[in-house]
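Asks: Note that the protein sequences, when read in sequence, are chains A and B.
Just so we're aligned, residue 0 is where the first sequence starts under numbering that gives the first Met the number 0, counting upward by one.
Just so we're aligned, residue 0 is where the second sequence starts under numbering that gives the first Met the number 0, counting upward by one.
Worth double-checking, as some hints may not be accurate.
Straight-line alpha carbon distances no greater than 16 Å define the calculated EDC-like cross-link-like pairs of lysine to aspartate or glutamate that follow [said to hold, decoys possible]: (1) B:Lys153 - A:Asp140; (2) A:Lys63 - A:Glu51; (3) B:Lys74 - A:Glu147; (4) A:Lys130 - A:Asp140; (5) B:Lys100 - B:Asp130; (6) B:Lys41 - B:Asp51.
If you are wondering where the hints come from, they were derived from the structure by calculation, not from laboratory data.
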Amino acid sequence: MAARSLLRSAWTSLTGFKLKTTCPNLQVHQRTSFPGLPALSFQSRGIRQVVEKKEDKISMIEGKILEVPTAPQPPNPTAKCPIYRWNLQHKYNYTDVLLLSQFIRSDGGMLPRRITGLCLQEHRKITICVKMAQREGLLPDHKPKLPEGHVPKRPKPQLNRYLTRWSIDTTKPIYKTGLKWCKRRMPVGDPILKNNVRYGVKPLYTKQ
Amino acid sequence: MSSFSRSAQQWATFARSWFLIDARMQPPGRIATMCAVRLQGKHKPIYHALSDIGDHVVVINTRHIAFSGNKWEQKVYSSHSGFPGGFKQVTAAQLHQKDPKAIVKLAVYGMLPRNLLRRTMMQRLHIFPDDELPDDIRANLTEELPQPREIPRKLSEYTQEEIDAFPRLWTPPEDFRMK
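Produce the complete structure using the sequences and hints provided.
Replies: This is the structure:
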């Protein structure tokens, strides 16, 4: 929620600015996924759309340049990780689905770190947030495709849950909880996200 | 209110109200604390333990309750029938499948004071697993209480404008496929 409001203000302040590319060779495309190169603007050709036109005896194949609208500049462009670039270090939660959906594939899997450019800690935090969001059902369209005609043998119980750290099949029931001073608690959430913002009132119990 | 007559004021203070709580996507413990406070009458300034001043509470949609963490698999409800070999331990998921009302009922029962009034207070608690209510209870309801937990929005519930307004944090390389 905090991330959304922060970025919406950045986006609305820059919507009036549009780069008009009349000459294709002068299209400037700032590459952010290669950390080794210096942050210079160099000429490059963008993604082209292949269009075929067939007349009587002449067939024309044209590579049309797609007009990609320029994205707004992040507040901290020199950082390597996209989250540090937009200053969202401790400002996201498992409920910020708009942020998490940018780092997942269509079947729910995480994209590799070398492609997204995330640093290791943030990649792990986002992986855990994505898993918690999937277990809650906040990403209904990012599920793995089942083979056609697949009928599950036993209907799975539809139980609502949130802030689930462990996978459903791996957790075992706590038959002996123990006495008050040595009780086996049921942890909620994940300790990696302890510095991130919480959109609730009470603190979470993360110890095992 | 000072504008009421004395009999109306007396009626308004000592009347027994009927509260409605929707437990959809809510943790059962927080629902149970709200129920227990109102069943004892602790939300009233005229509270006394012996006055029998509690209100009725109706909880709906208990089938769609949401536990935080892995409590569906880890939380265990134990009972003993009194006979040898009668110790039963059931996980929250199994108990919920057997009886969707039991989790909320046990939670409220454990939060009420351990005296003889507990049973009468439990009689004033009405739990329904779904939206359907009997007409006489529906006619008695006076107030609906706000839900304790804010339900987060799914990605499908966001409008396309909101999704477009959120900027792309990283640009994919041109030779990258399969997203």
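Asks: Are the hints correct? Go through all of them and say.
Replies: Okay, the hints, checked on the actual structure:
{"no.": "1", "hint": "B:Lys153 - A:Asp140", "result": "holds, 10 Å"}
{"no.": "2", "hint": "A:Lys63 - A:Glu51", "result": "holds, 10 Å"}
{"no.": "3", "hint": "B:Lys74 - A:Glu147", "result": "violated, 36 Å"}
{"no.": "4", "hint": "A:Lys130 - A:Asp140", "result": "holds, 14 Å"}
{"no.": "5", "hint": "B:Lys100 - B:Asp130", "result": "holds, 13 Å"}
{"no.": "6", "hint": "B:Lys41 - B:Asp51", "result": "holds, 11 Å"}
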